[in-house]
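Undergrad: Here's the letter readout for the chains.
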Amino acid sequence: MNLYVLLKMVPDTVEELNVAADGKSLDSEFLRFKLSEPDDHALEQALILKEKHGGKVTVVALDAPEVDDVLFTALAKGADRAVKVPINQAGLGTVASAKVLADFFAASGQITPDTLLLPGSQAIDDLEGEVAPLLAAALNLPYVGVVCGVKAAADGKATVMKEFAGGLRAEFEVTLPTVLGIQSAEKPPRYVPVAKVRAVMKSAKIEDADLTPPDRPIQLDIERMYKPEAAGRAEMFEGTPEEVADKLVEVLAKNSVI
Amino acid sequence: MANAILVLAEQLRGEVSDITFEMLGAGRALAGASGAPLYAALLGSEAAPLAAKLGTADKVFVVDNPQLNLAPAGTVAAALKVLLDQTQAGLVLLGCTNVSLGISSILAARAGLPMVNFCRAAKAEGGAVVCTSQLFGGKILSDVKLAEGRGVVSIYPGAFSPDAGKSDKTPPVEKVDLPVEESKVVFKQYLEPETGDVDITKQNVLVGVGRGIQTQDNVQLAEDLAQVLGGAVCASRPVIDQGWLPLNRQVGKSGMNVKPRVYLAFGISGAPEHWEGMQNSQCIIAVNTDPKAPIFDGAHYGVVGDVLEVLPALTEKVKAKKG
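In order, the protein sequence lines correspond to chains A and B. Using this note's numbering, the letters of the first sequence correspond one by one to residues 1 to 258. Using this note's numbering, the letters of the second sequence correspond one by one to residues 1 to 323.
Isolated chain A, as found in the complex (with noise of 0.2 Å):
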């Protein structure tokens, strides 16, 4: 199988965000990026397809801060071979970001009768629609988003499950090539070493795609971004755990539930 994840950084959300001076961005002074985590999970279904039925793992960024830590801990996890685009991913929307990956795989030729490109199926950043869908309308290709597991059929087909709400989840079987966006990989992430990573970038290579920048960044006119006003925020309470959970008895006693 020709197997493509497409990963993309976004801010860790862990930390404090904030709007940049010209109040329609974030600040990018103390950002810190992270692997979109359902992309994680993209790269966990191809190695684990890849385990099943053999095939080529290319995982594929464009340039962000620390890609390069993400796509050389991706080879040291299996994937074969590691594309970096060299346009800056800040600053662009969701089109613009998915016309650049779509003009990638339209020039280099890549997508045979077994390729499955692997997005996740969405992230936290992703205000004008999603790279899958995006992708695969500009490929002509077809698309399943919300995908929690993919098994390969036999006469270029794959058998995927979608999550719909509820817990409820339905199999459809795509025609190969095709994109689908993962929400979820059949087993957790896997983990790799320190070690193993700092070896590979020792020995591996990142690979460079020559591509033009998108014309228009930002299709979206943008007006303001701003932190949502606390409203409606929680009482709160202060104290050595044993004090707070006294706050929090009176709370549960209050609503009858003990």
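None of these hints come from the bench; they were simulated from the model. Among these hints, one or two may not hold up.
[As the list claims (entries may be wrong)] DEER-style ranges, computed between Cβ atoms:
#: 1; chain 1: A; residue 1: HIS53; chain 2: B; residue 2: GLN216; range: 48 to 56 Å
#: 2; chain 1: A; residue 1: ARG190; chain 2: B; residue 2: TYR190; range: 25 to 33 Å
#: 3; chain 1: B; residue 1: GLN282; chain 2: A; residue 2: SER108; range: 52 to 60 Å
[Claimed, not checked] Simulated crosslink set (EDC-like; lysine to aspartate or glutamate; CA at most 20 Å straight-line):
#: 4; chain 1: B; residue 1: LYS188; chain 2: A; residue 2: GLU29
#: 5; chain 1: B; residue 1: LYS292; chain 2: A; residue 2: GLU29
#: 6; chain 1: A; residue 1: LYS202; chain 2: A; residue 2: ASP69
#: 7; chain 1: A; residue 1: LYS157; chain 2: B; residue 2: GLU181
#: 8; chain 1: B; residue 1: LYS123; chain 2: A; residue 2: GLU223
#: 9; chain 1: B; residue 1: LYS81; chain 2: B; residue 2: GLU148
#: 10; chain 1: B; residue 1: LYS319; chain 2: A; residue 2: GLU243
Values in this document were obtained by computation on a predicted structure and should not be read as measured data. Where is the CB? At the ideal position from N, CA and C, for every residue including glycine.
The hints should help you fit chain B onto chain A, whose structure is shown.
TA: Coordinates of chain B only, in the frame set by chain A:
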């Protein structure tokens, strides 16, 4: 007259989803401001019988074609594009749900319209529409202006009132026949949720755990509290994805919608996908190390602290109180 507004009515297994009424309510408010007609689209033979429930719409377009049942996003987008051209609608509202994910992006690309995702508020401003979206797990809001009120907007579930979109009126229905392309994505079967030992939708008290619980072993601390409270343990997506709790314990977009008397959220940041599934709990208590966690904006009571310390302390205090 201003551009018509078209709502893609969402249903699952013959039931109109709440998001449909939320969108109709939101669409009605926007249409009222501009005097534009509000249309609803029902696609597929399973959806067709539901037209009578969409009385908030000025007209319901029904495409009674079995090929559109659980059709892939690309097929639905193509059908909607035909309706968009036919109705001259300028604004399309779809659900930001697992059922509809992907349709908006493809439709926007094909129709050459801007797409706004994660929308939780929308207002008319002159001829324009300004949408407020939540980004970065609910930590940032963004206002986007759609000039002339034209665009495809993906509406976040739970952001608008479903009651505003419900009506006893019977809407005019127009049946539409349109070509449906052969798809390379074919529905095979539903996989029913595992029932398991516990139904978290039927509990008075839920002890929810998120990433902040850190390890599988620590889940036991939540089990201990749930046991003394006579409730059950549930979790946000990261905990389920790790395999620390079974799927039937997941709360949120892909999981269950719960409304217990008390929901305790331990180490749950309150990302929109989780909030969607527990926001209607009568009392929400949140414990998190991050004072900026969005969960504190919606919870009734909050503690900034280490869940691994607060959980066992609370279990002991509850035990003591109950004697």
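Undergrad: Would you mind marking each hint as holding or not holding in the structure?
TA: Hint by hint, here is what the structure shows:
1. Separation of HIS53 (chain A) from GLN216 (chain B) is about 30 Å and departs from the stated range, judged on CB atoms against 48 to 56 Å.
2. For ARG190 (chain A) and TYR190 (chain B), the hinted distance range of 25 to 33 Å is satisfied, since their beta carbons lie about 30 Å from each other.
3. Between GLN282 (chain B) and SER108 (chain A) the CB atoms are about 55 Å apart, so this pair conforms to the stated range of 52 to 60 Å.
4. The hinted pair formed by LYS188 (chain B) and GLU29 (chain A) fails the criterion: a straight-line CA distance of about 48 Å is larger than 20 Å.
5. About 19 Å separates the Cα atoms of LYS292 (chain B) and GLU29 (chain A), which keeps this hinted pair within 20 Å; it holds.
6. Proximity of LYS202 (chain A) to ASP69 (chain A) is assessed by CA-CA distance (about 12 Å); at most 20 Å being required, the pair is judged to hold.
7. Distance restraint check for LYS157 (chain A) and GLU181 (chain B): the Cα-Cα separation of roughly 19 Å lies within the 20 Å cut-off, and the hinted pair is therefore satisfied.
8. Under the criterion of a C-alpha separation no larger than 20 Å, the hint pairing LYS123 (chain B) with GLU223 (chain A) is consistent with the structure, at around 14 Å.
9. Restraint check: the Cα-Cα separation between LYS81 (chain B) and GLU148 (chain B) comes to about 19 Å, which is no more than 20 Å; the hinted pair holds.
10. With a C-alpha separation of about 15 Å, the suggested pair LYS319 (chain B) and GLU243 (chain A) falls inside the 20 Å cut-off, and the hint holds.
Checked against the numbered hints above, the structure breaks hints 1 and 4 and satisfies the rest.
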